[in-house]
Every structure is written in structure tokens, then in C-alpha cells.
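Top line first, the protein sequences correspond to chains A and B.
Under the numbering used here, the first residue of the first sequence is numbered 1, with each subsequent residue one higher.
Under the numbering used here, the first residue of the second sequence is numbered 1, with each subsequent residue one higher.
It should be emphasised that the hints constitute simulated quantities derived from the structure, not laboratory data.
Here the structure is a predicted model, which is why all the values come from computation and not from measurement.
Just so it is clear, CB atoms sit at the ideal spot from N, CA and C, and this is done for glycine as well.
Do not take every clue at face value.
Derived list of chain B stretches under chain A, where covered just means 3 residues or more per stretch with a C-beta under 8 Å from a C-beta of chain A [unchecked claim]:
no.: 1; region: 136–145
no.: 2; region: 221–235
no.: 3; region: 253–265
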Amino acid sequence: MDEVVAEYIRRTVLKIPRDEILAVLRQWGFLSDTQLGAINLRQTKESISQEVVQLCEENSADLKQAAILDIIYNNIYPNKRMWSVYQMKKTGEETDLFDFSNFKKKFKGRLQSALKNVTISFREYEDNAIWIRIAWGTPYTKPNQYKTSYVVYHSQTPYVFISVSVLKSNLPLLCQALVVASNYHDIREMELRSHCLNSLKDIVFKRYSQNFQTHYPKQQKNVPTENVDVRIIQEDKSEKERIQRVNQEVFGDGPQPKLEFAQYKLETMFKSDPNMDVLERREPFRCLVKFSSPDLLESLKSLAPAGMADAPLSPLLTCIPQKARNYFKIRERKDVLPGSFVSP
Amino acid sequence: GVLAHLERLEAQARESALKQEEKEQQEQKLAGLKARVQELRARRDELRAKLERQQKGILEKEGVETDAEQPSARAVLEWKIRSMKDLLQLFYLTGISGKLTKRGVCFCISTAYEGTYLHSYYLDVLTKPEVQIQRHSVPTFIPLEQIARKHLQTDIRRFLAVLSDHLNAYAGRRYQADQLQERFSDRLEGTLQRNSLCNLLVFHYNISGHSRSFLFSAKLLYSDLCCSLPTEAIVSCTPNAPGELAEMAAAHSETFRRLALHKAFDSFSKAEVTQD
Chain A
1 MDEVVAEYIR RTVLKIPRDE ILAVLRQWGF LSDTQLGAIN LRQTKESISQ EVVQLCEENS
61 ADLKQAAILD IIYNNIYPNK RMWSVYQMKK TGEETDLFDF SNFKKKFKGR LQSALKNVTI
121 SFREYEDNAI WIRIAWGTPY TKPNQYKTSY VVYHSQTPYV FISVSVLKSN LPLLCQALVV
181 ASNYHDIREM ELRSHCLNSL KDIVFKRYSQ NFQTHYPKQQ KNVPTENVDV RIIQEDKSEK
241 ERIQRVNQEV FGDGPQPKLE FAQYKLETMF KSDPNMDVLE RREPFRCLVK FSSPDLLESL
301 KSLAPAGMAD APLSPLLTCI PQKARNYFKI RERKDVLPGS FVSP
Chain B
1 GVLAHLERLE AQARESALKQ EEKEQQEQKL AGLKARVQEL RARRDELRAK LERQQKGILE
61 KEGVETDAEQ PSARAVLEWK IRSMKDLLQL FYLTGISGKL TKRGVCFCIS TAYEGTYLHS
121 YYLDVLTKPE VQIQRHSVPT FIPLEQIARK HLQTDIRRFL AVLSDHLNAY AGRRYQADQL
181 QERFSDRLEG TLQRNSLCNL LVFHYNISGH SRSFLFSAKL LYSDLCCSLP TEAIVSCTPN
241 APGELAEMAA AHSETFRRLA LHKAFDSFSK AEVTQD
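Using the sequences and the hints given, assemble the complete structure.
Below you can see the structure in the form of C-alpha cells.
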């Protein structure tokens, strides 16, 4: 077995938490059940990884297998990478009969005709997600298995999720191959980025809970009545109820998609008392506002009930899932440029 | 320390408050029941008196009131609410229902396949300044923009009908593919390859006959997105198989185009049984 492959497998196994190693290897399906049973999980992770490499040696693992293991690892732990969302456009209106084997052939063909030294691996998942792993080389060197990009694509949708860790110069190549393989004409990067891949999917596929008004009532959730002491009166009960209602209208009932930040680039004029005349030249005041949180949308949802902000919140904050973006450029009202959000 | 003591006092106070509340509630209940007993006693006396009067042969004019009970306003209202709810339920069951909102209408398209109710999809449509979709929960692989471009401005009913056709057909195709994987997993060799719209399925299945089993591969194409049956079904068997299998493959291809996927497999099982 190739030394490079052996080392790569060893390092991938080392990344997996001890308790999950067997589950991941089982999903990989390269080692038999008896082989998996023989692994001693009570030794150090270093030793476990060595043992796994030994077993892979017995089965003559090659680069292809190692790449699949890497895809499986990234599919189970996608939140370790930063994902960007890209949107493709097509002009034709023919029904798309998406064929996976056709897609693979076209993608590989396009990418390899431009850059020979790449390792391309595919894996299809039950939820119609196609994972693509690309290890990049240069026109003169073999692919470096540690310089990888990952693409997640759901067939017949215009959205692609890309995690490019290094070598941003290869991005145009990658985008072109995607467009050709999926029968689209154009691709552009959306202003939507996060570590949580599933939340990005929720936002663009509209899988998050939006509050739609219907006559047909959904199951009424029983609000648990706490053991309230009758002597305690809530002075602002009606206001609290109003905030709850407004919050529910805006955010819906279910959990919010998980984003880590929202960034607003302000290019607006500084408005001050004309007497003060802080800025002599009437130039836009450049300012960057960034909201960070482990779970931004949930924290925005809890601002009003916690009394830290007025309800309803500014639409600049609440439009994030619907506009599917968390990077905004705010210009003066008179500018109505496409791609920029005009501040109210 | 002091805080612990305060906590204990607070807990005690809370307990005694709860007990007091309970006691008060019970007393209220008791008073209520007592009042009800009085009420019923009065009613009983009234009826008794009425009975006596009737037996004496004297009909009171007011008796008519207690005989034919006028439906109270409340009962009428309750009946109205119930029949309205039934009507809304009926509309919901037909598949397309809507509710007026502040700025337009919120439509709900419910999908079903062969009597099984599946997912519902929503559209918030604004009517002013022009008809446009504000937000929706339709999956991205359904060509919503295309359908909207064609019909939304001109004929909203047509738009809803076309969209409902697309969604129902998709739900039907997906249901068939899921049923195939669930109920006929023993017949399938390898995985069922599908795509988001479930309009291209590729799978391998085995058919047993004459005490042997034969492997077939099928590729089903659904070019009509409003249809839940394939427009094309390519069935092939291994190249060195007996000639009659080619006939069988052709027959299967026809069956796939005619019957729902799981029903097609049901028919294969039946054919096998009759053969043996």
C-alpha cells in the first residue's frame, strides 16, 4: 500500500473521536466486520490508527478508498469547515432528468481537461446530496491530498455548497465544471456563509419553520402552566404577550437555522448637526457592523422577550433567512443598486 | 446562613400560599356545586308543579315555552362554527385552500397519492401593488419561478392548478420510490438511484422463475413533471440470458409505464406465484 495513502488514512482516523471510530469505519464498509471486531478500542488513539492502517494494508487500500473515508468523515462532521453557498442560473426551461453517472462523467471530464493533476471522488447520499471531494495539484505536481475542497450538491436545485480551504485560485475552475456538469449556464457566490452546513441547506431549501397563516389549525401546543403564585401580578402582561406574538410572526415556531455572524457594511453618509460639521467633505462614512454568536438567529429571537430590544426587530436583522444572506451592504436611500440592501 | 434561612422561609411561604389557593379553589368549587344543586332543585320543583298542573288538566300558557325549547343564540352560534370548520376542513381536503392575509392571500397546497395524505406546501401571495409571491415553502427543485412567470399574473387559478399538479406528481413519484425501497428491498440489488425530483430512477431487481433468479436492470424516466407514471421505461436483462427473458423485460417495461411502481412489483410477485 502506498505510504502516502497509509499516512492519509492514519491521520483521518486520528481526527475521529474515539467513540465514533467504529461507526465511521462501518459506514466506510472497506474493512470486514471481523476486522472491525478485532480492533482494540481501549488503546491510545495513536495505536488505534496504526491498527486500522495495518488492516487497510491487508485489504490493499488505495487512494480511491482513502478519499471515500475522507468524504465520510467530512459528511459526519461538516461543521468543522466553513461553507459558502453558490447559486446557478439556467436560461432553458427543459425538464431536467438529472442522471448521476452523467453528472460525474461531465464534471470529471471538464475539470481534468483543464487541470490534469486532480483527485476527484464522489459519494451519493440518501437525501439526494452529492458530495464531491477534490484534491488539488498543479500542472507539474501530483495532487496534494491535504489540499482539498468539498462540494455538496442536491440534484435539480440551483444551489451548491462549497468549502474551499486553500487555493482559492482553483475556484473558477471548480465553478465552471459544476455549471457544465449540472446543465446550468452561470454561477455566482451568494452572500451566505456559515460553519453549519445543514442550516445553510435549511435556509436556501426553505426547510426552516416559516409562520404561514392557515385556517386549518396545526396542533395547538399546550403551554405548560407553571405553578404561579397568585399573589404575584405581572404588570406588563399584555406587552409580554404582544412581544411573543410579534416574535412568533417573524421567527415562526421551530428552531432557527444556525448562523454564526451577520455582517453589515455601511456606506452611508454621516448625519450630524450641520453646525458641528464634523466631516468637511460629504463622503460616505465607512463602517462595518458585525454580529457574532454561536447561534445568531436564536439569540435575535430571544432579544425582545429578554427585554433587550424592542419588538418588532429591525427588518435588517429579521430578513436574514428569507433573503438567504448574512452579508449586507447598506448604501444611501437614493441608490437602488442590485445586490445591495437599501436601509429603511 | 441568612440566605438559606430566607430561602426556607420563602419556600414555606410559597407552600402555604399554594395550600391556601387550593383550599380557596375547593371552597369555590363547593359553593359552585351547592349553587348548582339549588338550581336543579328549583328546576325539579318547577317540573313537578308543571306535571301536577297538567294532571289537573290546566295548561299554562308559559308551558309552551318550556316544551319547545327555542334554540338559544349560543347553540346557533356553536352550530355555525361547527359547520364552518367542516367547510374549511373540506376545502383543505380538496388540496388547495387559502386564507386572506393583511396584504394578500396565503395558499396551502396539500398533496396526496392514492388516498394517502402527504406533505403540505404554502405560498404567501401579495395582491398589491401587483400579484407576487412574497415567500413560500415549495422545494427548490420544483420549477416555481417558471410556472409563476407563465400564469401568476394572468390567471391565478391556472397557476395554482399547475403548481398543484407538479407538487402532487412529485409527491406521488417520491411515495412510489419510498414504497419500493421499503416493501421490496429484498428484490432490489444494490441501491435505488434517484434524484431530487424523483424523475429518473435506476435500479436492479431480481425475478425468480423456473427455480432460478434473473437480474433485470431498469431505468425509468419521467419527462412529464405533472405525471407520476414514467414516460419511458428501459428494462434490460443480462446479455447471455435465455430468449424468453427479453420478452419478459419488454412486458415489464410496459407494466412500469402503466402501473405505479409498487403495484408493478406486486404484479411481478403474483406472476411468480402463479408460475410455480
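### Message
Which constraints among the numbered hints does this structure fail? Numbers only, ascending.
### Response
3
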